[in-house]
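Each chain, letter by letter, is given below.
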Amino acid sequence: MIGNLDVVTMELQLAWRNIWRNPRRTAVILTAVIIGVWSMVGLGALMRGILIGMIQNNIDTLTGHIQIHQQAYPDDPAIEHSISDPETWMSAARDALPAGSRWSQRIRIGAVVSNARHTRGAILMGIDPAAEARLSFIGTAVTEGAYLADGDTGGILIGRALAQQFDTRLGRKLILTAQDSDGEIVSRAFRIRGIYQAEMADTEKGFLFVNRQSAQQLLKLGNRISEIAIRLPAHEMAVPVANDLKARLAGSPLRVRAWPEILPLLKAYVEMFDTFILIWFIVVFVAMGFGILNTTLMAVFERMREFGVLKALGMRPGRIVRGVLLETLLMLVLGIGAGNLLGLATCWGLSITGIDLSAMAEGVAYAGMARIITPVVWIRDLLRANLVVLLLGLLVCLYPAIKAARMTPVAAMRHH
Amino acid sequence: MLSIPVKMAWRNIWRHPRRTLLTTLAIAFACVLLIFMLSFQFGSYEAMINASIKIHTGHLQVQAAGYQEQQEIRRVIEDPRAVHQALAAIPEVDAHAARARAFALVASQERAYGIMVEGIDPAAEAQVSTLPRIIRAGAYLAPAPDSEDLSGALVGYLLARNLRVDVGDELTILGQGRDGSVAATVVRVRGIYRSGMDDYDRGAVQIHLQTFQEVFSMDAAVHEIVVTTGRLTEVGPIQRALAPTLTDLANTHPLVSLSWDALLPGLKQAIAMDLVSGAISYVILILVVAFSILNTFLMAIFERTHEFGVMLAIGARPARLTRLVLMESAGITLVGIGAGVLFGCLITGYFATHGIELGGASDLFRQYGIPNTLYPRLTVVTVTAGPLTVFFITLAAALYPALKIQGLKPVEALRLT
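Protein chains in written order, with my numbering: chain A, 8 to 423; chain B, 2 to 418.
Heads up, a few of these hints could be off.
In silico DMTMM-like cross-links for lysine to aspartate or glutamate, where the CA-CA straight-line distance does not exceed 25 Å [unchecked claim]:
| id | chain 1 | residue 1 | chain 2 | residue 2 |
| --- | --- | --- | --- | --- |
| 1 | A | LYS180 | B | GLU111 |
| 2 | B | LYS269 | A | ASP189 |
| 3 | A | LYS274 | B | GLU73 |
| 4 | A | LYS274 | A | ASP82 |
| 5 | A | LYS227 | A | ASP189 |
Rough simulated footprint, nothing fancy, chain B against chain A, three-plus residues with beta-carbon under 8 Å [to be verified]:
| id | segment |
| --- | --- |
| 6 | 125-139 |
| 7 | 179-189 |
| 8 | 270-277 |
| 9 | 302-308 |
Keep in mind that the hints were calculated from the coordinates and are not lab data. Even for Gly, the Cβ is constructed at its ideal location relative to N, Cα and C.
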């Protein structure tokens, strides 16, 4: 046992000395590995950050982690597909929610908003102000005026972009027109209590917030609602908790969906990015793989005589292969270690303020991204980057290693 | 006949065929990848731009100033005929069509939605947009409103589903006219279209421009005149040719012409962002390649110190040796780039004619107007930009070892083996 350990220490020592025989050459190839790994970690974290930003953005903007609707509502969001008796269902579902979850009841119905000069379509959100504030962006988004108060049946919150388009301001009135549960067109005036700002102008134009009771009254809904939105303590819980809820609510007229189901495009995006990150890792590896192979080949060819002598002295080919691979391994570990440190430091530096893309706000909105990108380091991405470099690097160097081991003593002696 | 230094450099390059091969392969790999990626990016941009332009936006639009930002019903082009006349006189203009639009409550038997109602001139619209070709049920609008029956309307398939209407059903439109009066009419669904872009397929109802103008008290006015042309590059000249007419025309809000990138600022910025982030990754990739081949260049010097000593001793000047070494590096780089450009063009060219199936991701791409099959665009820019950058960065890497020679002393160099 001790003998074994001694051998390993000796081999390591030998390999370490060998890689520093030509310090400049090792330094150059290390630089290639470091830049490569640094870019893998850095760009990987940036892409992950963009993705997380997109998910966060969507979840904050009224999606939540899980939504519960009447069966037909997701395909046909019409007023007759409302949930009756939401309290009963909620109490049945509550046990399935982990501690720290928040939920809220909402009305979500298409409506027309107008004033004397302007008209446009928008989504009318009937919310419970206190519960909603803990769930979605709206609780902290009001920049002018005030958030909706409980029991304020005549107040409405609108987005900044809509206020600009409608040439209106706090205290003015807007008319909401919609179809009530009997199919009749109804309308009512609301007074602007607050103006909110959102990540995207489309959100600011598209959503109007009133108290749930006033929406229910206007639309003759009684206590029926459109949806129950749930926010969980972590993104990853969404699917398992949704599955649990589905099981509990099986047989009910309700449909439970987690965010990947609500936003299939976002899910497709996440999957595409995942593949893309891996492809990028491999591309960067191939770029440095040529250098790693070339450098190892040079190092091996310079030492052919040495390998010949070793073999003449009775060293088995397997040990030569191991020796060469160990040198590669040491070099890779050094490069990967430094690359990771550098990459993490860069991510840390960038995450202090984040990368502000507000100057490109419209492009950012078009791509569905968040305005500020913060790199996010995922252990999984980090592991993948490191494994790609380490395993493929060793695989590539198998060729020079075998080349060295195959050298016959006689041929090697002739090698100058 | 090749000069002696070139011959020498070429022979030196192939002293270590394996090493040279690996180095050229690294360079070729970078070139192939860059050519393919850039062509792919430009191909997808073109698909996105064309899709947006052809489905709805056109290459440029004439509008009243401020309409693009505000979309108020009263910001109109009062005399569209004069604009049409001016456009007809510009040879680069392929087609032009007027549109008007307003928000309204559109109700079917069962449902009502607040959406955009758009007045189009069916015959002219067919020239500027793909609308007539994406009808999936029913038919495109007749050239003029039916005097016997209700005026016709087109709806997107998503909106048709939401409204629960089919071809032949009636829709009630209730909105506010240009003068503030109530605008109300009933139209009959004549066709249902599907563009693949969800926002468009759920966002609007198209009716006859003539009907729209009557119902919304528009008189002869319209909101935009869409212009299409053969190429993106002709947009500028058309705008310049149109400018005098637009300034001369009396209009309450002055008339302006807006090019596609002003009409779709998000698309343009998204393309710019994609290009910048692409450029950053490519430069990093080239740096990795440069460092991984730097050793080849370095070894070309260190293995030959003795040889250089001999050459210096028999009277070669250091500058000449530097030139020789640089020529060798440039030779390797050029061979690599040559191979890379060749294979890059072959591979990209293959996909440019056969297309790349997007498979599972196509739902996602369709929202940006990218069709199921994407064709990379092989252009002078996409073929040269990457390899040129590779060339310069690689040469910069080769400069360091080549300059090392300058400090070489013959006697010391000879002592080394």
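Against the structure, test the hints numbered earlier, and report the numbers of the ones violated in rising order.
-> Violated: hints 1, 2 and 3.
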